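Student: Read off the chains here:
Number of protein chains: 2
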Amino acid sequence: MHPVHAWLEQNIERFENDLEEFLRIPSVSTDPERAADVAHCAEWVAGRLRTIGMENVVVHATPGHPIVTAEYLKAGPDAPTVLFYGHYDVQPVDPLHLWTSPPFEPVRRDGKIFARGATDDKGQVFLHICALEAMLAVHGSLPVNVKLLIEGEEEIGSPNLTPFVRERATDLACDAVLVSDTAMFAPGKPSLVYGLRGLAYMQIDVQGPNRDLHSGSYGGAVANPLNALASIISKLKSDDGRILIDGFYDGVLELTSDERSGLARLGERDETLKADVGVDTLVGEEGWTTTERLGARPTLDVNGMIGGFTGEGAKTVLPARASAKVSMRLVPNQSTEDIARKFTEYVKKVTPPGVTVTVRDLHGADPVLVPRDTPAMKAATQALQDVFGEDVRFTREGGSIPVVLLFETVLHAPTVLMGFGLHDENAHSPDEHFDLKNFVAGMKATALFYENVAHSS
Amino acid sequence: MHPVHAWLEQNIERFENDLEEFLRIPSVSTDPERAADVAHCAEWVAGRLRTIGMENVVVHATPGHPIVTAEYLKAGPDAPTVLFYGHYDVQPVDPLHLWTSPPFEPVRRDGKIFARGATDDKGQVFLHICALEAMLAVHGSLPVNVKLLIEGEEEIGSPNLTPFVRERATDLACDAVLVSDTAMFAPGKPSLVYGLRGLAYMQIDVQGPNRDLHSGSYGGAVANPLNALASIISKLKSDDGRILIDGFYDGVLELTSDERSGLARLGERDETLKADVGVDTLVGEEGWTTTERLGARPTLDVNGMIGGFTGEGAKTVLPARASAKVSMRLVPNQSTEDIARKFTEYVKKVTPPGVTVTVRDLHGADPVLVPRDTPAMKAATQALQDVFGEDVRFTREGGSIPVVLLFETVLHAPTVLMGFGLHDENAHSPDEHFDLKNFVAGMKATALFYENVAHSS
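Protein chains in written order, with my numbering: chain R, 95 to 551; chain W, 95 to 551.
Please keep in mind that the hints were generated in silico from the structure rather than gathered at the bench. Predicted model, so just to flag it, every value in this text is computed and none were measured. There's no promise every hint is true.
Given that identical chains are not distinguished, each listed pair holds provided it fits within a single copy or across any two copies.
Unchecked claim - As a list, the in silico BS3-like pairs of lysine-lysine whose alpha-carbon atoms are at most 25 Å apart: (1) Lys409 - Lys442; (2) Lys443 - Lys168; (3) Lys472 - Lys436; (4) Lys472 - Lys283; (5) Lys409 - Lys368; (6) Lys283 - Lys436; (7) Lys206 - Lys409; (8) Lys168 - Lys368; (9) Lys329 - Lys443; (10) Lys329 - Lys531; (11) Lys531 - Lys472; (12) Lys443 - Lys368; (13) Lys409 - Lys436; (14) Lys283 - Lys531; (15) Lys409 - Lys283; (16) Lys442 - Lys329; (17) Lys409 - Lys168; (18) Lys409 - Lys472; (19) Lys443 - Lys531; (20) Lys368 - Lys206; (21) Lys442 - Lys168; (22) Lys168 - Lys283.
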């Protein structure tokens, strides 16, 4: 066995205990009452990095939660440099009553560790730190230069990371970025994500009469904002999943036949998905597989809607206003700005008479495709293959990771999205967990990745 | 001048002061903390009825708020008997900050009295009591037998009135029922309402996945309950106001050409209505006037809708469920039971794949047409004409007054809906008020009505 892998196996019990310690810190970034816990968590990460022998470990204060950086530059100026990015903050825990065990009291059951942050992203951050520790312990050195950038605001949209990265572009300069914040295609099936969808998140506000009216006295002659909003929304997407906004598909870079067959070779996970989310039928755009619909095709969802009387029982109100939040997932080469404009124009066009509509652009992120032929990507592919004994799947994921675009534009470095989570590990939900097999496999793959990067240079 | 009218004119200042006293009692039936005020209000009404000389004045306890009854039977068994129905409870006052003066501190401005309950229904109840007082004061008697039934739960759906009326059908036996809880067609234009729309009030609950999902990870393959609900609602009614539910119009008794020309002669109030509710355009079913759309045609409104994330900002949730409350206003001879069944079947038919829908029937009321050729109706017509010096308009109103159907089925007596409110008097809204011209005109018309009923027998 590879000596680093052997060392990792010998230390795994200790690493699992230490991960529990990390998971016990309730670093909920969105909760102001947890600010001290978030700060404590940053110090915990920094302490660990110092212990294993990383240099220049700094906890940077920001207007929000701290950013932790560290580096190892002893591989020398001719060796490649890898920047590792992860986050130590976690999602809120609500609804608390749906947790089998308390979210910040980690428990190991059935080969999994249960706690908030287990898979997103503390478990994945920590396995990297363990891999670095193992290489330093066994060899006394790392084969490449390594920089770490671990933030505490990922779950609230990384408001302070963008200025931080822009200001310190030189300090963070690297040949490749490594991110472990994605899921594997399926258990035992390692994957590298090469595409992430973008986002255009809009709000529609419909104003009808100047006050709530009695629906008996006015219904039938005064336009109802809720009926109008339902009508608008029904015209955004056909029941068979085709988005009807004028020019919506104009920018879409069609999948190559190579990509389609690559995605097809992944095999479908329709049955697993249906069982996981508890539905009988999957839906979506005609002519595309579920894998394509989820990762490689744009889509549109209503994220929230409200208007009128929503309590128990019956109140015969014709409401003055109604609102909906609607977001679109975008694919290369759609742009969030262009789609937001087309959305706004289309909504105004299909608004029925008698109401006034306002459309606001709340949030956006452009879609990303990372190159699949970089040395770092090849190094990751080989590492995963060796550890899992399985061909690596190249996948496209449905969500956005906006920092990937940040690293591309500011650091001009390609990102490798090598994640060890699983889709059903309840990231953002009660009973979040992380498979301990993938915890150790992740460490081993990471160690091999660094060696492969060194050899590829 | 008619001696009763002269007496009323002489006493009007006192009546306005006494109405203020009545309006000062915060008899909000929906608020449990106001229960003692509601009870006090019932006693106030009963005290007044005793003072003016009514007999058998009783405040009946119920499981909810009290019902006040009184009678005058000295006209003898051969004279006709009129049952007057009204309510002394009022709507809540929220939003309080939109009131120009406090809702329970009555103020007279510009010939109107402002307070919660001014027009709905305390002002209208009190003008009847004043008319009775005037007749008793001037003549020492009433020309017909009169019974009064004044409840305190109208604004919460009269839960205790139905059993009360059924149990005391003999005590309440009458030749005609008089209700003053409607509006005149326009200022100076007296009207008798002969049609009231019915109601079928439904709730649609749509269940999608078993939990809220991340819209990035699942959007495009898992059906979204909010999109599905918008699609269902958009299929209930076309943008031009035609209801698309199978068989919805089957029971509709079409307006006769007489009725249509009668309604047309009323003149349209489109401009007033638009200015009142603050919209540029009225909408509705093709081929019908606004008056017909509001009173004589069935319609459908979404009364409330909720699902997903409705706070500030952006959250990329694909929600587990969504709900809407949808009510239909019905016209003779549609039945609420038949329409609820057709609605349920149709919603299930148009529900898109991937979600499960549940439809519940929350509340219903059948539509009503009261006969226009009864002696009581003729008596009311003549009385209004004499007081206002204007032809009486026969109108159909959009809302339901379920007690009308109760009196028809249990007491077998026709109802006369002789109301003195105006459409813009903010019943159920801030700054509710009642025109003092109509307060006195209503007293005069009521006195003449009783005389006309006596002569018609």
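Student: Is it within, between, both or neither when you check Lys442 against Lys329 at 25 Å Cα-Cα?
Tutor: Result: close both inside a copy and across copies, 12 Å intra and 20 Å inter.
Student: Which holds for Lys329 with Lys443 at a C-alpha limit of 25 Å: within a copy, between copies, both or neither?
Tutor: Result: close both inside a copy and across copies, 10 Å intra and 19 Å inter.
Student: Is it within, between, both, or neither for Lys283 and Lys531, if the alpha carbons may be no more than 25 Å apart?
Tutor: within (12 Å within a copy, 83 Å between copies)
Student: When Cα atoms must be at most 25 Å apart, do Lys443 and Lys368 count as within-copy, between-copy, both, or neither?
Tutor: between (36 Å within a copy, 23 Å between copies)
Student: Regarding Lys442 and Lys168, is the shortest C-alpha distance of 25 Å or less found within a copy, between copies, in both, or in neither?
Tutor: Neither way: Lys442 and Lys168 sit 59 Å apart in one copy and 68 Å across, limit 25 Å.
Student: Under a CA distance limit of 25 Å, which applies to Lys409 and Lys442: within one copy, between copies, both, or neither?
Tutor: Only across copies: Lys409 and Lys442 sit 23 Å apart there, 30 Å inside one copy, limit 25 Å.
Student: Regarding Lys443 and Lys168, is the shortest C-alpha distance of 25 Å or less found within a copy, between copies, in both, or in neither?
Tutor: neither (61 Å within a copy, 69 Å between copies)
Student: Can you tell me if Lys409 and Lys472 fall within 25 Å by alpha carbon in one copy, between copies, both or neither?
Tutor: neither (63 Å within a copy, 35 Å between copies)
Student: Given identical chains, is Lys409 near Lys368, meaning Cα to Cα at most 25 Å, within a copy, between copies, both, or neither?
Tutor: For Lys409 and Lys368, the Cα distance is within 25 Å only across copies (23 Å; inside one copy 37 Å).
Student: How would you classify Lys443 and Lys531 at a CA-CA limit of 25 Å: within, between, both, or neither?
Tutor: neither (53 Å within a copy, 47 Å between copies)
Student: Indicate which option fits the pair Lys409, Lys283 if close means a Cα-Cα distance not exceeding 25 Å: within, between, both or neither.
Tutor: neither (53 Å within a copy, 30 Å between copies)
Student: At 25 Å max between alpha carbons, let me know whether Lys531 reaches Lys472 within a copy, between copies, both or neither.
Tutor: within (23 Å within a copy, 89 Å between copies)
Of the numbered hints listed earlier, those contradicted by the structure are 2, 3, 6, 7, 8, 10, 15, 17, 18, 19, 21, 22.
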